[in-house]
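K.L.:
Sequence:
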Amino acid sequence: MDETQTMKEQMIQLQKMASLGMLSAGIAHEIQNPLNFVINFSRLSVGLVNELQEAIDRVKGLVDEDAAADIQDITDSLRLNISKIKEHGERAASVIQGILLISRGRENERVHTDIKHLLHEYVWLSYHAKRANDKQFTVTIRENYQPNMPHCMVIPQDLSRAVINIMSNACYAVRQRAKNEAAKGTTDFRPTISVEAAVQDGRLVISITDNGTGIPNAVQEKIFHQTVTTKPVGEGTGLGMQITHNIITQSHNGEIAITSAEGHGTTVTFSIPVDDCRERQQQTAQQPI
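Reading the sequence shown from the start, the letters are residues 6 to 294 in the numbering used here.
Hints should not be assumed to be uniformly reliable.
What the hints assert, rightly or not - As a list, the in silico EDC-like pairs of lysine to aspartate or glutamate whose alpha-carbon atoms are at most 20 Å apart:
hint : residue 1 : residue 2
1    : Lys184    : Asp81
2    : Lys135    : Glu148
3    : Lys184    : Asp139
4    : Lys91     : Glu126
5    : Lys121    : Glu201
6    : Lys227    : Glu267
7    : Lys91     : Asp75
8    : Lys91     : Asp81
9    : Lys121    : Asp206
10   : Lys189    : Glu267
11   : Lys65     : Asp75
12   : Lys89     : Glu56
13   : Lys91     : Glu56
14   : Lys121    : Glu267
15   : Lys121    : Glu95
16   : Lys140    : Asp75
17   : Lys227    : Glu260
18   : Lys121    : Glu148
19   : Lys89     : Asp78
20   : Lys189    : Glu201
Unchecked claim - Label-pair ranges, simulated between beta-carbon atoms:
hint : residue 1 : residue 2 : range
21   : Glu70     : Ala98     : 52 to 62 Å
22   : His117    : Ser82     : 40 to 50 Å
23   : Asn41     : Leu67     : 38 to 48 Å
24   : Asp62     : Gln181    : 55 to 65 Å
25   : Thr191    : Pro278    : 24 to 34 Å
26   : Pro152    : Leu67     : 35 to 45 Å
27   : His133    : Ser82     : 52 to 62 Å
28   : Ile61     : Glu186    : 51 to 61 Å
29   : Thr143    : Val43     : 26 to 36 Å
30   : Asp193    : Pro152    : 51 to 61 Å
31   : Arg48     : Asn149    : 24 to 34 Å
32   : Glu70     : Arg48     : 50 to 60 Å
33   : Gly66     : His133    : 27 to 37 Å
These aren't lab readings, by the way, just hints derived from the structure by calculation. Given the structure is predicted, the values throughout are model-derived calculations rather than measurements. Ideal placement from N, C-alpha and C gives every residue a C-beta, glycine not left out.
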């Protein structure tokens with residue numbers, strides 16, 4: 006296949022991705038309103054259950070003991086169910102807000118961002134996206150974030166794209182190695198992805214490590230070049246790493262490093278200067294309570 010045809014296919018793929026992004030944003034907007042009703046009414050229902058409990062307590066001595074026990078069981082079940090509705094409603098709302106952040110964020114706009122929250126959301130969003138296409142796919146995800154990590158000035162919609170790109174590659178790599186190990190009869194391989202983040206010496210350092218197939222040395226040397234991909238036709242465009250490289254090095258004036266051993270795994274590390282992050286944390290600590 007010549008270079009012109011390859012570029013044409015990549016442009017078609019990019020157009021599809023742009024259309025999918027617009028569709029996702031539209032769906033997220035449509036879901037947000039009914040989801041707000043679910044969350045708000047679950048909160049109101051918590052108050053109603055508390056009032057019901059107070060009423061039950063007032064008439065305990067007037068009701069048959071068995072009937073009172075049944076009423077209490079029902080009330081407890083209602084409280085548990087409502088708390089679960091509220092918990093998962095808020096979780097869904099958080100995911101939707103993340104999708105909307107990607108779709109509507111202003112270009113190159115840096116905002117103080119909860120890095121731990123952003124990473125957690127998009128690491129798991131990437132995993133579930135893979136699960137949607139392959140129900141058999143499983144992976145252990147380990148998260149290790151600096152305690153009390155301060156918010157940092159980043160472009161959240163761009164950084165989240167970078168995380169999604171690296172997580173997508175990591176998920177693909179561990180899935181491929183799992184298939185390879187299964188073909189060899191190996192039964193003790195456990196697909197694992199580890200995500201770490203901390204602010205060190207004025208830099209935000211994020212590392213994503215997988216124990217997948219690794220990257221061949223010949224590919225590592227040109228991994229950030231356009232059209233380079235280790236995936237078969239139909240599973241990758243070769244643009245993900247180039248986009249990620251631009252996000253980290255150009256949009257955030259940072260650095261990106263890759264260490265990989267073929268057959269054993271890969272670590273991708275982002276290092277982004279965020280001196281204002283440390284200054285903001287010190288200013289907050291000095292404010293009177």
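K.L.:
Of the hints given before, which are not true for this structure?
P.N.:
1, 7, 14, 16, 20, 21, 25, 26, 27, 30, 32 and 33
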